[in-house]
Amino acid sequence: MKNEIVIAGFGGQGILFSGKVMVYAGMMDGHQVSWLPSYGPEMRGGTANCSVIISDSPIGSPIVNDPEILIAMNLPSLDKFEDAIVPNGVAFIDSTLITRKVAREDVKSFYIPSTQMANDNGMTGLANMIMLGKVIREVPGFELDSIIAAIKKVVPARKAEMLEKNIKAVEMGYNYEG
Amino acid sequence: MAEKVLMKGNEALAEAAMRAGCRFFFGYPITPQTEVAAYMAKHMRKNGGTYLQAESEIAAINMVLGAASAGQRVLTSSSSPGISLKSEGISYLAGSDLPAVIINIQRGGPGLGGIQPSQSDYFQATRGLGHGDFHVIVVAPSTVQEMVNLTYDAFDMADLYRMPVMILGDGILGQMMEPAEFPTESSRKLPAKDWATTGTKGERKKNIVNSLYLDPAELERTNFERYERYEKIKATEQKAECFMTEDADIVVVAYGAAARVAKNAVLAARDAGIKVGIVRPITLWPYPSDTLKEVAKTAKAFLSVELSMGQMVEDIKLSIDCAKPVYLCNRTGGMVMKPDEVLAKIKEISGGLK
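Chains P and X, in that order, are what the protein sequence lines are.
No gaps in the numbering here: position 153 of the first sequence is 153 in the numbering used here, and each next residue is one more.
No gaps in the numbering here: position 101 of the second sequence is 101 in the numbering used here, and each next residue is one more.
Among these hints, one or two may not hold up.
Keeping only pairs whose Cα atoms sit at most 16 angstroms apart, straight-line, the calculated EDC-like set for lysine to aspartate or glutamate is [said to hold, decoys possible]:
1. P:K108 / P:D83
2. X:K239 / X:D290
3. P:K101 / P:D79
4. X:K338 / P:D66
5. P:K153 / X:D290
6. X:K293 / X:D340
7. X:K324 / X:D340
8. X:K4 / P:D29
9. P:K108 / P:E82
Covered by chain X, per the in silico footprint, the following chain P stretches (three or more residues, Cβ under 8 angstroms) [to be verified]:
10. 19 to 28
11. 54 to 62
Honestly, the hints are just simulated from the structure, not real lab data.
Beta carbons are placed, not taken as given, at the ideal position from N, Cα and C, and that holds for glycine.
Same shape as in the complex, but just chain P:
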């Protein structure tokens, strides 16, 4: 197994957090993992992205230049990373915030209105986890149980009330047909 993933969006959308859940799940499943955030001024409300690698062999560069999987949660992120996706890669698009389609024909694309779904279900701010749910449904190698176990690790104790909401959001994405 080797997945090279880029997750990208606005600062505040939980981009780095959902990457963290992914790598925790990968680690608990016995894979090699790495997580590298963009850092600096973009953390304060500009674009944010992170490189995630989950692999069965030792990880060299933690920088993902050419993602196999792109999770794009705003238009600038799709614009920035669309051309970098490897041929036959997969794109997951928050179709509430990105109204255009993926232009690449050699990329399999999923459109999830995750921001709208989050808002409609009293889960504002959890569009990231809805996207994650869809990713683990569509990409082989990820298990729902591992992701839920990872969420339990990553959500801090002082935010225990967020635990159920995060899990529910992942399940909502997992069960989204579209």
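Go by the hints and put chain X onto chain P.
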């Protein structure tokens, strides 16, 4: 070994330092190393130690000098411009034969530079970390686990040789998360710190920590003695990792995060049938010259891959007495090369060899 935890490189450095017995941290925040200080601020107190955010880098390094004089394991950390500010204090530490650990999570320079990853403090770390005749031991981890392991060893080497040790990382290593586990104890046998200024209680001669010698003959003698120690360190502490070098025509030399990028390129070049390997220096001072000398017996060319204008090229050439050509593949100022750029350079060199 305990359970693996997922941590940022910066946090892993801080946790490893406390587990290695560091009870004093003095620092001043700067991107991209601030998580070291933040983690210390959160955890040092419950470990029974002291965390202090100093008013400046210069104040912090002199607090380090004080704690080290009293025989305590002490750490400071910063990033490139902050290390320049600390350099006076580091020279004083070296001149006073004091153990201390200094972390530099490098960013682009010179000047205030940028905040993205860089390796352009190589000359500063290995040659000129302050005025006067001295060296510090410089270790260069390339994974979060290695950041943990080398932190334990940095404190041990500092105590063993009574000198500052620098952990030289970069923004990628500081910011990335990888699984790490923490060994319970270090393995070296260390001498008692009978030189520390801990109070005589009227029972022993007083200890004096000092770097001022107005008698030039005496100052020369202390420098000679220190350099004898350095020779011992050069003979015993060189450390490097070799990967696919046995039959390599081209040997890539890269450390830290650049070595990770280079490794991707080496694997791709092997797939293309090119005989290439990597020597990854783990100590930058002492430089692993013995390993390079050995590899140079069979290699036809070397390629330095680094995030600077080629500062390490000199050490490669010196190690192999310029016996083979040394090429450079580099980015700087906070830019990081893609594996493809390294691969293209390897192919170019390989073409020239035939």
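Index of numbered hints that the structure contradicts, given in increasing order: Hints 5, 6, 7 contradicted; others consistent.
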